[in-house]
Structures are given as C-alpha cells and as structure tokens.
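Participant: Sequence:
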Amino acid sequence: MELQNFTTSVNTPPILLFSWVDYVLFVLMLCVSTLIGIYYGCFGSKQSTTEEYLHGGKSMKTFPIAMSLTASHLSGITLLGIPAEVYLHGTQYWICPISAIILMSSIVYVYLPVFYKLQLVSGYEYLKIRFDHSIRTLASLLFILATLLYVPIVIYVPSLAFTQVSGIELYQICPVICLVCIFYTTLGGLQAVVLSDTLQFIITLGTMITVIIMGTYSAGGFVAVWEKAASKDRIEFFNMNLNPTERTTFWTIVFGMTATWISNLGVNPSSIQRFLAVPSYEAAKRSVLIFGLATIVTKSFSCFTGLIMFAKYSDCDPISTGSIKRSDQLLPYYVLDVAGNLSGLPGLFIAGVFSTALSTMSTSINTLAGTIYEDFIRSRMPTDTSEKTASNIMKLIAVITGLISVALVFIVEKLGGVLEVSLSLHGITAGPLLGLFTLGMLFPSANTKGALYGGVGSTILTSILVGGAQFYSVKGNIKHSNKPLSVEGCDNVTSIFDVFTTALPPEEASEKPYVIFLISFYFFTLIGALLVLIIGLPVSWMTENERDEPVNLDLISPVVYRFLPETRQSHDKLSMRYQTVEKALTNIVTVENEGEKVIMNGINKESKEDK
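Each residue of the sequence shown is one higher than the one before, counting from 614 in the working numbering.
In short, the hints are calculated from the structure, not lab data. Bear in mind the structure is a predicted one, so any value in this text is a computation, not a measurement. Cβ coordinates follow ideal geometry from the N, Cα and C atoms, glycine included. Treat the hints with caution; some may be incorrect.
Label pairs and their calculated CB-CB ranges [claimed, not checked]:
id, residue 1, residue 2, range
1, 989, 954, 52 to 60 Å
2, 954, 819, 13 to 21 Å
3, 788, 1087, 39 to 47 Å
4, 834, 895, 41 to 49 Å
5, 1089, 895, 49 to 57 Å
6, 1000, 854, 53 to 61 Å
7, 1005, 746, 24 to 32 Å
8, 1165, 1087, 46 to 54 Å
9, 867, 990, 36 to 44 Å
Using the sequences and the hints given, assemble the complete structure.
Facilitator: And the structure:
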C-alpha cells in the first residue's frame, strides 16, 4: 500500500492508494473474464443460435445459475451502498432476510411456474399472450429505459471508488471496464456471463470474508464491534413507525424492498432467462433456494461490514475530515486502511467490487439484446431468417447498447445523489412492470384494457411522485438526517470541524413540499405496482365483455387455482380420469398376469403328461 499526502487548507489524514500488486490483480481479473468470452465464442459452441446465446442450450447447472443470479443482484451499488447505509443510518436494513424469504416464496410459487411452463425467450412475451401486443410493447419500452438508465449508474459507482484508491480519472477507467464487459458478453453469450459471474462472485465473497475477519479482529472482536455500534445508536431492527415519510423503518424494508426485489428477480427478463437455462423445473427451484440463501449471507456480510467500519471510524469519521468525498467511497477506503499491509488484497477486493458491476452490466446487456430482438425486430425479419443470423443481430444489439451505456456514464457523473436517483428511477419502471405481471398471473378477470390503463396510469403517476421528490431534494427542501458522527479522536483536525457532529434535524424549508413527495423512496416500486392493480382491476370489470374467451390456465399462477371453482372441478375430473385409467391399466396387467399363469400351468401340465 502506498501513502500520499495532499496539501490542503486543513490537515487531513493521508490518502490511501493502490500498490503495483493491487493493479496487477485488478487487471488479471479483467483478463480472466475476457478469456472466458473468447473460449465460449471461438472454441465452444460459438453461440451460433438464439437458444445457445440466451439460454446456454438449456444445459446450465444449478449452482452456477444461482451464483450468477446472486452476483447480478450484488451490484457495485449494493456492495458499497449497504455498508454505507448501516454506517450512516443504523442496522434497520439488516432485516432484509425477511424480504429474501418472501422473495423466494413468491418466485417459486407465483411467478416461476408460469414462466417455466411457457418456456418463452422473452419474459415480456407472456404479456402479449396474456393480453396483447400493445402491453408487451409497453413493458419492453419500460425495461429498455430502465436498463439504459440503471447500467451507467452501476458502472459509475465502483468507478468512483476506483478513482478514490488509484487516482486515475473516471473518464479513463470507465470506457476500459465497459469495453471488456461488452466484449465477453457479446462473444460468449449466456454461458460466458454465467461462468464469469460465478468466478467473480466467489472472489468477491472470499475477499469480503477476509476483510470482515481482519476488521473484526482489529476492532477487538464481535462483541466490541456490537457494543461500539450500540453506544452510538446504530443498532435498530424494529422501528415500527407507520409513517411512510420516515426514510427507513421495518415496513419500508419488509414491504418496499420486497417489492423491489420481486421486480428485479421474480419477473425481470434477466432472471427468467437464467431460470429457463436449467434442464428441469426442479433444478430451477433449487437455484432459487441457493440464490436466496446466498443473498441472505451476502447482505448480512455487507451489513456487518458497515458496523466494523463504524467501529473503526466512530471517533474519526473520514467523511467529516474530508479523506473521502462521498459515502460510497467508505468501503474502499476502509479496505486500504485495514488490509493495505496484505499486498494484493485491496486490489482483489476492488476487482471484486468491479466484478459485481460487470456482472450486472453483462446480464443486462445480454437480456436487453434478446428483448429488443424478440419484441421489436424478429417480427420484421424474413420468415426464413437463420438462427445464426438472429444470433449475430443480437450480438450487434449488445454492442450498441453497451456503447450507449458507456456514453451515459459521463452524464451520470454530472448528476448528484446517484444512489437515491437510481432507486427512484427504478421505481418509475419496476413498479408498473411488477404490477402488469401480477395483474396477469393473479387476476384471471383482468383484460387488455385494464392492463393498458393500469400500466400507463401507474407510469405517469409514479413519474410525478418520483419527479416531485427529486425536485424538492435538489432544492434542499427534503433532507434526511444521519446518525451521530464524530471527529473527536482525529489527529491534526482543525477547528473547521465540530468535535462531535450530531444528527441534526432537517432545516426549515422555505417551501414545504406536499406530503406525498416526502414518502420514503423505498416505497416507490411498491406504489407503482399497486397503482397498476388499483387502476387495472376496475377498468377490467367495467370493460368486461361476455364474448371474451376464458383465460388459459397456463397463463395463471397455480396459487389462484383453488379460488377458481371451475378449475377445481376440472382438476377433480382429470384426477378421476387418471384414477380410472390407472385402474384399467392395473386390471389389464392383472389379467395378463393371470393369463400368463394359466398358460404356464397348461404348459407345465402338458410337459408332465408327455413325461
């Protein structure tokens, strides 16, 4: 680890930077991902068909798929954001395992049975079959917009962290990282994405555990970490305040985060694409279970990392002293500070942080290419278009969308509060999408007009909600206070810093926002989904037509079968039919066995008479 002092008007702690070993390991990680893409693109099956490119030929194993899902979910925003969240706001986020359990149950029992039964290339193709082409187009446009806005933020946040520990400018590192990801995703398809995700996740998890062990040891053990956090008001699990305007409560995590995760993983085309890449439905369910457990473990590790960072800096906050500019840089700074004496470990960890971002980007590009081709291009192609041509078109789409993401990174750089902006923008698109799938799978009475009015109405109203909240936040009318921070233990800190910085209440705003714009951003996705149902169901009932054909049961989630009398009767009849057939087959077998016995007895009798 190298130390470099920068002369400023305030005496701040030295800035921590990479050593050459860290750079070597960081570059090595990128080279491995590139080689994986070259192997699958040039020496494997070469991803010459859409089935191979999007679903890996349906021969993927359960564990790599689960690890790929976990790595995709563990983005750079999550890996850096959760420790900072706990450091600044306490442990309320740590009840997210409850959300993970609800997520697993929802995927296995509500959404996955429908998707796996239909075996659709694009998850949004379901909306076309369930409603019509207009609903599929609406969903696809929302997904494309969400992806193009989200991927640049995913890349920007770890790039900002890398800039902190290397001194390399953001505009220099972002294009290199993105081009590597575009290369191996385009060339290798899903197989390269899954294998790269698995490798990157294992390395990231290993470095996380190493940092946690070292940090816990340096802080004096688990009990010391916990007591230090408790003494400064960081331990909080059951804030049961029902006020939706409070930033983080038990309800914002259990309900708000659950809706966000279901949208990201239960109905998102990226996740569906992986679930369909395994050879059986049982394997898909096992991948969900492994993924859920891995998510609980990684989220818990990230939360505890926030506590050990607070134990380290509880008396000398690096944000207050100016050692770092943003809370997103806390974890990279801590890793260099605590593990810098182990050459290569900081570089490996930062490589892991970038790997999670690459995983999210590669997943999004791969799925986005399939969605754009299936939903907007395939129907306009000649009927005799070969699979190889379709695969090449999707690869070209992957390159174009990847380059657009690279360009948008530099626009994101000009924005403020990227983490909250990303969650807010996510609510605009993810909420309506979750609502459309839920409307189609859980409510057989829903029709196309209901879905259209619900989807469009939800998008408009959620956009107003998010836009208003962001407008007032930029103006400074909406502020969220942090838990107490301190610099009383710092050396050479001048009077420009208060010795103890308490959590100050928000300042009186000159223009008080409407209460609706004060709602916690954790609820945005849930609100968007509920608006689809609130608008869509009444419209469906009002526009119901007796000539409408009943919905095919394959398009309805099995959890609602029991509430449909005609379904129960058909299932009972089917069961009786199976019992009748089984009984008939049993009788046939019995008759055949008896006949064989008679024949054998006759043969034996004739043999005895001959003797």
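Participant: Take the hints in turn and mark each one as holding or not.
Facilitator: Okay, the hints, checked on the actual structure:
Under the hint 52 to 60 Å, the C-beta atoms of residue 989 and residue 954, about 54 Å apart, fit the expected range. Checking the proposed 13 to 21 Å range against residue 954 and residue 819 shows it holds: the Cβ atoms sit about 18 Å from each other. Judged by the Cβ atoms, the range 39 to 47 Å given for residue 788 and residue 1087 is violated: they are separated by roughly 28 Å. Under the hint 41 to 49 Å, the C-beta atoms of residue 834 and residue 895, about 43 Å apart, fit the expected range.
In this structure the supplied range 49 to 57 Å holds for residue 1089 paired with residue 895, their Cβ-Cβ distance being about 54 Å. Checking the proposed 53 to 61 Å range against residue 1000 and residue 854 shows it holds: the Cβ atoms sit about 56 Å from each other. Checked against the hint of 24 to 32 Å, the pair residue 1005 and residue 746 passes, with Cβ atoms roughly 25 Å apart. Separated by about 48 Å at the C-beta atoms, residue 1165 and residue 1087 satisfy the suggested range of 46 to 54 Å.
Evaluation of the 36 to 44 Å hint for residue 867 and residue 990 yields a pass: the beta carbon distance comes to about 41 Å.
Hint 3 from the earlier list is the only one contradicted by this structure; the remaining hints agree with it.
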